[in-house]
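Q: So the chains spell out like this:
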Amino acid sequence: MSNNLDLSDRRFGYILTAPTVLIITLVILFPICFSLISSFFDYTLINKSFNDFIGIDNYINSFKDEQLFNSIFVTIYFVILVVLLEFILGFFIALLLNSITRFKSIYYFILLLPLLINPIVVGLIWRMFLHPQLGIFNYLLSLINIEPVNWLGDPQMAFITIIFVDIWHQVSFMIILLLAGLSAIPKEPYEAAKSDGANIYECFIHITLPYMRPVIVVTILIRLIFAIKTYDLVYIMTKGGPGDSTDLISYYIYRSAFISLNLGEAAAMSLILLVIIIIITIPLFKYMNRLD
Amino acid sequence: MKYIKILFLVLTISILSFSSKAVTLNAIMENVPDTHFIKELLPDFTAKTGHEVEMDIMGYGEMHPKMVPSLTSSTGSIDFMPVDFYWVGEFARAGWMMPLDDMIARDGFDTSVYFDSMMKLVGEVEGTTYMLPFYNYAMGLTYRKDLVADPSHQAGFKAKYGMDLKEPTSWDEYMKQVSYFTKNGTEYGVVNQGSKADPIAMEWSNYLYANGGRFHDENWHGELTSDAAKQALKDYIHNLQDHGPVGAASFSFDEAFNVAAQGQAYSYLTYNWFMPSYEDSSQSAVVGKMALAPVPGNGSLNGAWGWAIPTSSPNAEAAWEFIKWVESPEIVAKRALMGGAPTRSDAFSNPEVLAKYPHYDALNRILASAKNFPVFTYTPQFVEVMGTELSKAVIGEKSIDDALATMNSELEALAKKDGVYKN
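Residue numbers (my numbering), protein chains in the order written: chain U, 752 to 1043; chain W, 572 to 994.
The reader is advised that the hints may include incorrect statements.
[Claimed, not checked] A few chain U residues that don't get close to chain W, going by computed Cβ distances all over 12 Å:
#1 V772
#2 I779
#3 N896
[Claimed, not checked] Pairs of lysine-lysine, DSBU-like flavour, derived with a Cα cap of 30 Å:
#4 W:K737 to W:K942
#5 W:K637 to U:K980
#6 W:K969 to U:K980
#7 W:K987 to U:K799
#8 W:K731 to W:K716
Hints were generated in silico from the structure; no laboratory data involved.
Beta carbons are placed, not taken as given, at the ideal position from N, Cα and C, and that holds for glycine.
Only chain W is shown next, with the shape it has when bound in the complex (with noise of 0.2 Å):
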């Protein structure tokens, strides 16, 4: 009896010493799969730490309107938040993120299994690591494997431009091969996400990569009225009206999707993401028939979302135990079998998700040389002009030169706004 007295009185100091350094962790979440994967493997967390983890999920819109009244307050209400590579500028310079540098060499925490280019994404800001990469949305051809392989098709390609119809690598052989497709096998060579701002913006971007263009040199000097531009911009008005569907122009990235997954397309340059979608015979008339690659001409956009903790929040200790935890390579591997987007190299070499993914090869490959969007305090409103630009040339509201020299003059207009234009 004195013994089980005993332990009773061990268990219950136990319980208050842990219970006294347990905290409920509070996030804003976006309503994406990965979101839902990690919600699910909470318990681990809680049963490692004692912490406990409220999400609060929702749509992309909500998210920054909800999330700037508490970053910009003393105390805030949110732990650990995921922050869009759009708003990176602008939270970093709005010092609303905590420098992580200290805690990451603190505990030893290995950022170097991150891909270069996605912690430049997000990850650090001049020199100073504010996040850890979270989730990736690189883009990437989407295209009918089931069509190239096709002997009658392979033989048709070949009599008519004189190379083998295989996965395209270079731009020119992929806009071969939209023009061969359209109308011929399937309805249409290509689909695309035009509406604006962001769809038509982010998958311009690809193109304009593809050509062998950019958004701007080392000091910020706008390069958009560059040949190479000028050629990116004709490519994409030409794929949207000669072999794409009709209002292409008004969709956006599901909205495309449903095109291609009902069969109607050969390619949509698109977000990685979307590839688990087409294996979903509940959404998709395509299962087995799409393959991922690298965007022709190494013209992938990289895109991803980082954790970050907040200046202002209440539990930064437990926030970082939380990072730590969820960008283990255990748990990173738990969610990319479960169909999640990580962003951790090692992740893409674990046979066990190749097995089940076979795509993340591909992606390995796209996320290795992905280029970056701009990103600096102007991000969101630099898309916004790219957009209504981008759509006001598509419907021939203007001229592609002029299109592009709006889009370049407002570029460098908000780089000088922003102080990184240098001269």
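If we strip away everything but chain U, and leave its shape as in the complex, we get (with noise of 0.2 Å):
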């Protein structure tokens, strides 16, 4: 009797889920499928179907491609600079919004304001601020006699400029994740110490940053994997230029299927960026799990 209504309450708990799992399915599963089918067919946006099986030459077409591993190399270095200055700075800010007691939420309203705003108005805003001659930075900098800066025009500065909007546009998200997980803390530890007479440095050490570390993780996980697809920025400020200095992989990809018009090379491109983001996350996961 008892295995009977388990047996019940089972196939209820499955009822109750399958909308989900069947929305979750339909939703994440059918577009990879259809992701990974369309990378084996000559699959174009004026040839929409499945006619032209061509196995893996999409594969081999997107490795033959000197401007894709371009593109992967430009996103690396973007992503790992991004990614670690953002940390940094995040981590800072979060530490000193922590410790502060007044205005807290007037502080917060000024560093959340760049992540509400839309990435494209975030990069035709400083597209007009670095316009080398009627931008305002190089009319501060004429100020105190130094030459315009060619922002967008030189290929170093370009990258450098993209990674420092960037920046500005994003860090809040490590700020805010970060200030959750230091207000999470609890204090009794911190006062344990005084008492032992550590100092800051060795509290940062030896508390705040072992409390921090799963939180720390998850935020890189996912900032790592936001800054991998990154595309509005080069979309608006660059154009991936000049030449291919700011030729992130998601632009590429983009170009590749509706400039290009290449679904089916595309998917293939996206299938790969896709291979890369998980191999880059894996260790960080099993971190997490032995973290747990």
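Starting from the two chains in their separate frames, assemble the complex, guided by the hints.
A: Quick look at the structure:
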């Protein structure tokens, strides 16, 4: 009797969860499967049919594509720099915010503002600010007799500028998550450490960091995934140029799909990108599990 | 009372019969001045035909991704559409546009009012008329006429080069003027739109044509490694680096325009529809000082949109009614007077239009001689290749020869893929 009840309970559970499972399958698995299938066909915007099976040709073409490799390297540099710099800056600001008691909500609001702005608008605003002749940045520099800077017209400077703007836009995300982690650390360990004569640095190393480790890993993981998919800023600010100095992989895949019209090859590139993301994030997931 | 009842009955029947034929036409339109001018004129169309028009107005980048799903379905949601010349090859090859020849012949619509180059660009594809030209964005030379008319500059230029300072008609004359006006009367001799991909590709095409070059021969064999092409790229890099502002390698057309509109550059080779903006004191410091001319050396690049009816249009006949109305001489003249950029040649000889916009005389000359960009299925892809290679040459990442060789081989590869390349 008891077994029957358990069984019926389980069936009832399956019925209850079925709609969710179905929706998740449709929303997540269907596009991935569709991309996988189309990556094996000559599937273009002009020829939207699965008549021309070409095996792994799209993958071979992708691996032969020097531009794609350039985009992968540009993206790797970009991701390492933005995630690292945003983490250092974000953690520092989160520690400062965690220590203040007055006007906290005002600081939060100001820091959250960039995150609330649409990335397209961020790109347009910064393009105006950085206009070499009419922008405010070069105007301010001219007041102290510094020559106009070629913010987006020089390959190295354009890459640095994109990183700077991304940090301006996204660092708030790091701050919010890290601040949530900091405010959850109990007060007692700090009080005990202080009574034992520990200084701020020792408290940070031996209490704050160990407590924050899971939050740090999750924050970096999420930001890493988002950074790899960055598209809007380069689309608005540089179109991947000058040359291909800021040609991030998401923007390159977009062009393959909607300008070169080659949906099959773009699907193959997207799946290559997915594999890269999985390879990069697996060690972080493993580390997270170890912490649990 | 009896007569009133009869009158009421007749009116009711008329309204019912009118509304049974009337439809609401849907279109995706680009957020440009011409779209808004047409929107203002739509009540006239509705009064004449009973049809309403719903325009979904959006930025250029959003249009193609939003149009394609409707075009590929058997019954789409778009009744008529503007088609950029970039998309003509793709749309024609995919069979997304309805041939208009029968409708044109049936209703006697006169297509001879359009410039030949315009009909070839956004009218006919391989002998079939799929579109009627809508608005043009041919490129021309915009330059400071006040500086050219200045007697001290005229004397200075003559003394330096031994030739008169006037509207430049040859490429060599223009290059001399660019050099002369750099740090002399104005800050820069020229401002370029060097951003990849479309801005630099379109602008450099003018340099190519002005130097006597072309993209390909009749069999689509690439000619981008010619001496003319090499000289065109050399001139472009020279102007951008030696006579233009810092950062021009990243300028799109709006940023380059702002430099010219603030009076910092003698010349800017750009789209003719910037002329009204130069005359708008809210965004220009050079009101009354700019003139438009064909790119010296007959180098002007043509550009235009055409009106087409999708094969999946639910209301093709009503859509044709709209196209006939919007391209009628009266509506085109009204649009021109509002500041639009028509394609019908009769709009450019309209005295009222010429009185209000004197630069239409130059535009008439530009359209009569403008040359087309290669139109085939892979035009957007080729522009992408061009933009990247030209940008690499400008920043010194590639030599002129290497950049042009890549452009040439990619053009031929895409032409072969499209089936237009002939051995």
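Q: Give a verdict on every hint.
A: Against the structure, the hints:
1. V772: 28 Å, holds
2. I779: 21 Å, holds
3. N896: 16 Å, holds
4. W:K737 to W:K942: 24 Å, holds
5. W:K637 to U:K980: 22 Å, holds
6. W:K969 to U:K980: 28 Å, holds
7. W:K987 to U:K799: 21 Å, holds
8. W:K731 to W:K716: Given pair K731 of chain W, K716 of chain W holds - Cα atoms ~19 Å apart, limit 30 Å.
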